[in-house]
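Chains as they are written, first to last, in the numbering used here: chain R, 1 to 87; chain E, 101 to 187.
Since the hints were derived computationally from the structure, they do not count as laboratory data.
Among the hints, erroneous ones may be present.
Stated by the list, open to error - Here are the simulated DSSO-like pairs of lysine-lysine, each with C-alpha atoms no more than 30 Å apart in a straight line:
no.	chain 1	residue 1	chain 2	residue 2
1	R	LYS27	E	LYS179
2	R	LYS27	R	LYS81
3	E	LYS181	R	LYS81
4	R	LYS24	E	LYS103
5	E	LYS124	R	LYS81
6	E	LYS181	R	LYS29
7	R	LYS3	E	LYS103
8	E	LYS179	E	LYS124
9	R	LYS29	E	LYS179
10	R	LYS79	R	LYS24
11	E	LYS184	E	LYS124
12	E	LYS129	R	LYS79
13	E	LYS179	E	LYS103
14	E	LYS181	E	LYS103
15	R	LYS29	R	LYS79
16	E	LYS184	R	LYS24
17	R	LYS81	R	LYS29
18	E	LYS127	E	LYS184
19	E	LYS124	R	LYS84
20	R	LYS24	E	LYS124
21	E	LYS179	E	LYS129
Claimed, not checked - Covered stretches of chain R (in silico footprint by chain E; criterion: 3 or more residues with CB under 8 Å from a CB of chain E, positions within the stretch not fixed):
no.	region
22	3 to 10
23	26 to 38
24	48 to 62
Every residue gets a Cβ at the ideal spot worked out from N, C-alpha and C, and that includes glycine.
2 protein chains.
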Amino acid sequence: MDKQIIGIVAGILTSTSLIPQAVKSWKDKKASDVSYLMFFILLAGNGLWAWYGILLQDWPIIITNAFAFLMDLLMISLKWKFAKNEK
Amino acid sequence: MDKQIIGIVAGILTSTSLIPQAVKSWKDKKASDVSYLMFFILLAGNGLWAWYGILLQDWPIIITNAFAFLMDLLMISLKWKFAKNEK
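In isolation and in its complexed conformation, chain R is listed as follows:
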């Protein structure tokens, strides 16, 4: 298989993986078992990846990580919003 296709599919998978988690947390109205620290580390990591992409002027790196950065922010807000439902 072509290298670039593998890289693109890999990037799409890792950057969209948070969608099912966000959907689940939204439906369940709770996210108590989800780690805040994981998302803060991901926020820093995806932010740095996006910055790295900007320095390299590599659009796939910028777009996938900017998207993941927004998903990290969404998950942090969902967890914060549903904190009242945690036991």
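Place chain E on chain R using the hints.
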């Protein structure tokens, strides 16, 4: 800051982000709010990234994604193991 340092720090952050999630799930003995689908997508994504790294013979890509792949497997097994504690 040097590009390579940004990339390396970004890679370390995104690949180690699952450690606090695994520690939390292990301590709580439950992971019901965590999405199985997220970890299966990550497993496929990190696996493809590692393969991409092998094709490019790029060790940082291989090591960070092989590590993340193992963490995905660990989270899937923790969620499966603690399923009996889910309501």
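Going back to the hint list, which numbers does this structure go against?
4, 13 and 14
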